[in-house]
Every structure is written in C-alpha cells, then in structure tokens.
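Asks: One-letter residues, chain by chain:
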Amino acid sequence: MRRLAGENAEGDLPALLARERTEAADTLSASVIQRAPRSSPLLAQRVGQYVVHPAWGMPILLAMLYLVYQFVGVFGATVLVGLLEKDLFEGILNPAFTDFVTAAVNIPFIAELLVGQYGLWTMGMTYALALILPIVTTFFLAFGVLEDSGYLPRLTVIANRLFALIGLNGRAVLPMVLGLGCVTMATLTTRILHSPRERMITIFLLALAIPCSAQLGVVLGMLGGVSFSAVLIWALAMVLVLVLLLSGLLAARLIPGRRIPLVTELPPMRLPILGNVLKKTGGRLKWYLLEVIPLFLLGTFIMFALDKLGALPAIIRAGEPLVSGWLGLPPEASAAFVMGFLRRDFGATGLFAMAHTLSPVQAVVGMITITLFIPCFASLMMMVKEQGLKIALTMVAVIVPFAFLVGGLFNIALRALWVPA
Amino acid sequence: MNADLSVTNAILLVGQPNVGKSVLFHRLTGAYVNVSNYPGTTVEVTRANARFDHQAVLLDTPGILALPARSDDERATVRALLEEHTRCLVQVGDAKNLRRTLTLTALLTDLGLPLVLALNMHDEAAARGVTVDIPALAKELGIPVLATVATGGSGIAELTGSLPDARAPEAMLRYDSDFETDIAATAAAIARLAPHPHLAARGLAILFLGGDPEVAGWLAERRRPLRRPRSFAPAGWRECRRRSASPPCP
Amino acid sequence: MSPKHEARLPLAFISLGTEVRLAGFGDEIDPLQREQLTAYGLAESRSLTVLQQRPMTVINPAIK
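As given, the protein sequences belong to chains H, W and F, one line each in that order.
Quick note: the first sequence uses my numbering, first residue 49, plus one each step.
Quick note: the second sequence uses my numbering, first residue 3, plus one each step.
Quick note: the third sequence uses my numbering, first residue 2, plus one each step.
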C-alpha cells in the first residue's frame, strides 16, 4: 500500500482528484446560486482594499499601532495599573489583608508566606491582578477588535515583504502579533504555518524577542516613569526591532529549508461586533488567568523559599560578576533575574521595584536583558510541546546567554556613548 | 470521553477555515472557544457536551482548506475523523462561497457518515446579493441543508432538529472511470484488511490516493497485525499499481 | 493568458483590473501550494481578475 501511494504521488493523482471535485462543486453551485448585480462595491470592500494598498497600507498600519499603543500602553499600563496597583492594592487591600493575616494567623512563617516581602498575596496576587490583568485586558480587547474587523489577514499581506527578510512569509505575523498579548498562546498558534522550518523560526523569535503584553506594560511603565520617557522607550523599541531582525536573519541562515511564498485569503472586512469582541476577550482572559495565576503563586513561593533558605544572598553573590560586572547593574538585580527565569515580566517587575536605585543606563540595560529572556515557564512548556524537548532546550541554551551578551554589550555601548538628557 | 467504545455519539463540525465553526460550536455547547475573523485560529480539536442532546459530544475541528490534509491543524481534523465514534458530520460552509464549500462536500459525501450542511454567514451572502436555492441544493446533495447565521443565532434550531434524521448521503460525484477503478480496488483492499468502524472504505481510499498522511498512517498501522503472505494480496492492488504508474490523463 | 491575444504572461505582469484565464501553474510551484491554490478556486482554464500587484498580487477567482 505504501508503494501504491508512492506511485500515485508521482502521477499527480491527488491534484487530479481535487480538480474533479472542484469541477463538480462548480457545476452544482452554479445551478443553485443567483446573483443580484451590485452597482457599487460595499464600503467594507473599499476599506479592505485601502488597508492593503501599496501607498495607504503602511500609514494605516502605523495609525493602528499608535491607537493600540494609546489604548494599551497609556490607558492600560499607566492609568489602569496606577489606579489598581497604587490606589487599590497598595492603598487599601494590601494593608487590610496584612493586618488581618498578622492578627489571625499565629504562625509567623505562614503569615510571612502570605503577606511578607515575597508573599503569595502581596507579591503574587497583587502582581497578577493589579499589574497584569489591566494590561492584558486592554490588549485582548484591542486585538479582538482588530480580529473581528478582518484586519489581521491583511496584516499578513503588508508584513510579507519584511518577513521575507527573516525567512518567513507574512503568515507568521499573526502568531507574533498574538505574542504581544501572550507568547504561550502564540506558540500554539504557530500551527497555522505550513512548514516546520517556519514554525521553528517563529517559535524561536517569539521566545527570544517578542515581549508579551504584561511585560510590555511593565517595561513601558518603568521606563516611562523615568523622566526621559520618550527617548528611552524609543531606544528600547529600536533595539528590540534590531535584535529581532538580526536573530531572524541568523535563524533563517542556520535552519535549512526554503521559504514558502505567501498565499492567503482576504475575508471581507466588517465593523467589529461588540458582542463577539467581548466574548472573545472574556474567553481569552479566562484562559490567561487560569494559566498565569498559579504560575505567579508558584514563582512567588519559590522566591520565598529561596529567601528563607538563605539561598538568595548566595545567588546574588554568585551572579555578581555577571550582573554587576558585565551588565553594570546593582547586585540586588540578581534576584530580579532569578525571578526572570520563571517569568520575564516577573523579573521586569523586580527591576521595576528597584527603579529608583537604577541609573537610566542601568534601567535600559536591565530591561533589554530581561526582555530577551524566555517569556515564562508556561511558554517553555508550550515550546516543548510544539517542538520537542531537545529543540526547546537548545533554544533556551541559545537565548539565555544571548540575552546576557546583548545586555552586556549595550551596557558597554551606552555607558560609552550615551549621555542621558 | 466515551465509556463504551461502540457508542457513536460524537458530532463533528468540519469545514473550511473562517466559516464560523467555532461560533456555531459555542452556540451548540455553550463552551468557549477561540473565535475570530481570520482563518486559522482553531488549532486543536475541542470537545464539549451538546446542549441539545446530553448524550452527544460535539467536536470543533481546525478548518481544512481542502483534504487531503497538509498542515498540522488539518491533520488534527483528519485524525478526529479517523478516531472519533462519529454519529454525524456537520459541515459548516460559507454561504457566499458555495463553490469552495461544495468542493469539500464532494469529499465528505464519500466518507459514509450521516452529513448535514450548515450554510453559515448567509446574512453576508445576502448583503452581497447572493441567494442560494437551498431546497434545490438539499435535493441534489441528498442531505439536509440549512441556512444559518451563527453569530446571530438564526437557523440553529433547524440545524439541531435535522441532526437526528441525518443519513449518510450518496457520493456527490463519480470520478473519471480510470480513477474509479483505482478507487474501487483500493477501497476493496481497505475493506478487507483495515476496515474502519464508521468511515466508508471508498472515502478512505480517496483520501489515501490523494496522499493524506494521517490516513496513510492509520492504514499502515492497521495492516501490521493483519500481515498476510503474498498470496493474500488482492489482484486488484497490483492492478491499481500498474494503473497509477501510467501517465495522468490529459 | 489574455483571452483575446492568446499571449502567455506570468501573473505578476498582468495589469490591474484585467480578467485573465489561467493557463498553467508552472513547475516551480510547490505541490503543497498548488493544492492550496486549487482549493481557493484557481485552476487551469479558469478565469480570474487581478485586483492589485503591490505589495502583493491580489486576485479574485472568477465566480460562475
């Protein structure tokens, strides 16, 4: 039977069978369809054409990105997070809960586990609810609107040329954009890509360089809080794009195979339906929270354990040459990197917490290095699921040293060249 | 999920990408799935209990552009077809793209499973001035055809109402006579050596000859315990091989 | 591919708004892509309209 299949493939039997089905379908559909002539193209069709227009397409995309940035980065990451974190959690909930716990729980160990410095509530839950939740919600809302309108396949058309440089076709833009929301989810979505090579490159880039929304929010919040906001943010963004392209180029060279040209269908555009968007966002949030909260709590617990065991100072000391010497950060930042191994936005928050002690250069270097880490334990598990243990570990083995390498290089370069305004 | 292996209680939603399978799935089960307006968002098979029949399990599959399967998500759908105890197939089609929908129907009718066609997004078709003569189509295909708008919820009741009475249709088309001979011979071999509890040998043969990797794998697996001496190899197989080695017809 | 003059051109060279008939896929196309294209409604001797060439070729497979 295998031989049979082998010969069939050479005789192009599959294509011929497919062709006959198409013809039968044609005949049948022609006999049952009636078309009323349309005088003018629908508005939706016009919009759909402009979006992929050679001249208009890019400006429209930039405008979209700006709108999303305003909504997620400014409204979500700054306004909402400010409200939730400072006013609600730090102002009201945490002190109240801390008082309650210290009064009600007799065992100091448990009390500290819950509300101490690495407390499950004070760190884990606060972080998950006050920081991540508003950012991720705004991102998923924005993404949902873009999705429902039919914009995203057109994005693949616009992105195709650019992505050709890194050995991918435009289709890969979809997992990457989704990765800006949640890299774990995006890694799963790479299944829409047709060749294993494309999937591998995309998963690698997702793990290395795509900051998920939570992290983006933390980075924006932190670098925005330093007063040279615009310049720093821009610098970081440029850096990331550069790193992304370079790593893509390298990856494209190293992994054998051909690039498949993009063939995609452009479904009609439409006005997003609010019900759809809310439903999608709700579902995604639910998925995200079920994934994230347990992990945060686990991460917090590990930090707590390390601290209690006295391992933390040891790790800080051990990391010193790397963290202080090479990256130029204060030794306490090691703790942030340890957290960064669990979830990089966790680590970013750790750096955020010590923002007032960091110089602008240190802030940028720290953020760059942390952004290049693997996104989180959940995404690592997804990588293993999609690519297998061996490849996933190889990717990690490349990514982590690379992150430190780039961070260190930027440390040297920035100290030498950059005089913050 | 099936306690009794012989009970067929799975209803599979299949169809091209972006036709609204996941929205329909949500309507029929209440379960959340990742719905979106771009093709290729469902990447895994999702299952949930059907709202309208507590015995039945509904499965949402990744969209298939065409069969045989090429990408991983398409293979997941074929795997579901092979492994599930399917009671009924619901093909979800795009009403404004009937031609493409029927190309898939052409293959599904050969699978020997009860089939229902839900022509979805028929509001968008109407907005484009496209009307489909549904009774005529249903008559030609020999299966229930419903117009639905899954996002709005219309046509759902009719759809669930048609499921209990669904029957396996006749094949939608006969291929070229040369192909038909090959198909028949392969089907006979499959029926003898690796019969599927629910899928018709003809459908499996067409998929296999079309080069579907999942079907090929499935058949190869089934064949191992049934290894027989050469004398058992049907003459039809060798006949098949000779035919297929000849150049394709113009 | 022009129905009038029977000339054969690569698709990328057809001017916007023209309706043409597909003469063939050519040998360079990946078999996987060929199936994709067929599934989208492209086949030999079937007509299609070219909507755009930059940044990518966008076509509308003709509906009968």
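A portion of the hints provided could be inaccurate.
Stated by the list, open to error - Beta-carbon label-pair distances, calculated as ranges:
#1 H/Leu-110 with W/Arg-169: 51 to 59 Å
#2 F/Glu-20 with W/Ala-193: 40 to 48 Å
#3 F/Gln-54 with H/Leu-297: 37 to 45 Å
#4 F/Asp-28 with H/Ile-439: 50 to 58 Å
#5 F/Glu-20 with H/Arg-67: 47 to 55 Å
#6 F/Gln-54 with H/Phe-119: 30 to 38 Å
#7 W/Ala-193 with F/Asp-28: 46 to 54 Å
#8 W/Pro-166 with H/Leu-297: 41 to 49 Å
#9 W/Ala-193 with H/Arg-94: 23 to 31 Å
#10 F/Glu-20 with H/Ile-439: 44 to 52 Å
#11 H/Ala-353 with W/Pro-166: 23 to 31 Å
#12 W/Glu-85 with F/Leu-52: 17 to 25 Å
#13 F/Leu-52 with H/Ile-363: 56 to 64 Å
#14 F/Leu-52 with H/Glu-380: 57 to 65 Å
No lab work stands behind these hints, which were simulated from the structure alone.
Just so it is clear, CB atoms sit at the ideal spot from N, CA and C, and this is done for glycine as well.
Asks: All hints, please: hold or fail.
Replies: Right, here's what the structure says about each hint:
1. H/Leu-110 with W/Arg-169: 51 to 59 Å: At roughly 55 Å between Cβ atoms, W/Arg-169 and H/Leu-110 fall inside 51 to 59 Å, so the hint holds.
2. F/Glu-20 with W/Ala-193: 40 to 48 Å: holds (47 Å)
3. F/Gln-54 with H/Leu-297: 37 to 45 Å: violated (27 Å)
4. F/Asp-28 with H/Ile-439: 50 to 58 Å: violated (33 Å)
5. F/Glu-20 with H/Arg-67: 47 to 55 Å: violated (21 Å)
6. F/Gln-54 with H/Phe-119: 30 to 38 Å: holds (34 Å)
7. W/Ala-193 with F/Asp-28: 46 to 54 Å: violated (38 Å)
8. W/Pro-166 with H/Leu-297: 41 to 49 Å: For W/Pro-166 and H/Leu-297 the Cβ distance comes to about 58 Å; the hint is violated.
9. W/Ala-193 with H/Arg-94: 23 to 31 Å: violated (54 Å)
10. F/Glu-20 with H/Ile-439: 44 to 52 Å: This hint holds: roughly 47 Å between Cβ atoms.
11. H/Ala-353 with W/Pro-166: 23 to 31 Å: Violated, since H/Ala-353 and W/Pro-166 (Cβ atoms, about 57 Å apart) do not stay within the stated range.
12. W/Glu-85 with F/Leu-52: 17 to 25 Å: Violated - the Cβ-Cβ distance for W/Glu-85 and F/Leu-52, about 41 Å, lies outside 17 to 25 Å.
13. F/Leu-52 with H/Ile-363: 56 to 64 Å: holds (59 Å)
14. F/Leu-52 with H/Glu-380: 57 to 65 Å: holds (59 Å)
Hints 3, 4, 5, 7, 8, 9, 11, 12 from the earlier list are contradicted by this structure; the remaining hints agree with it.
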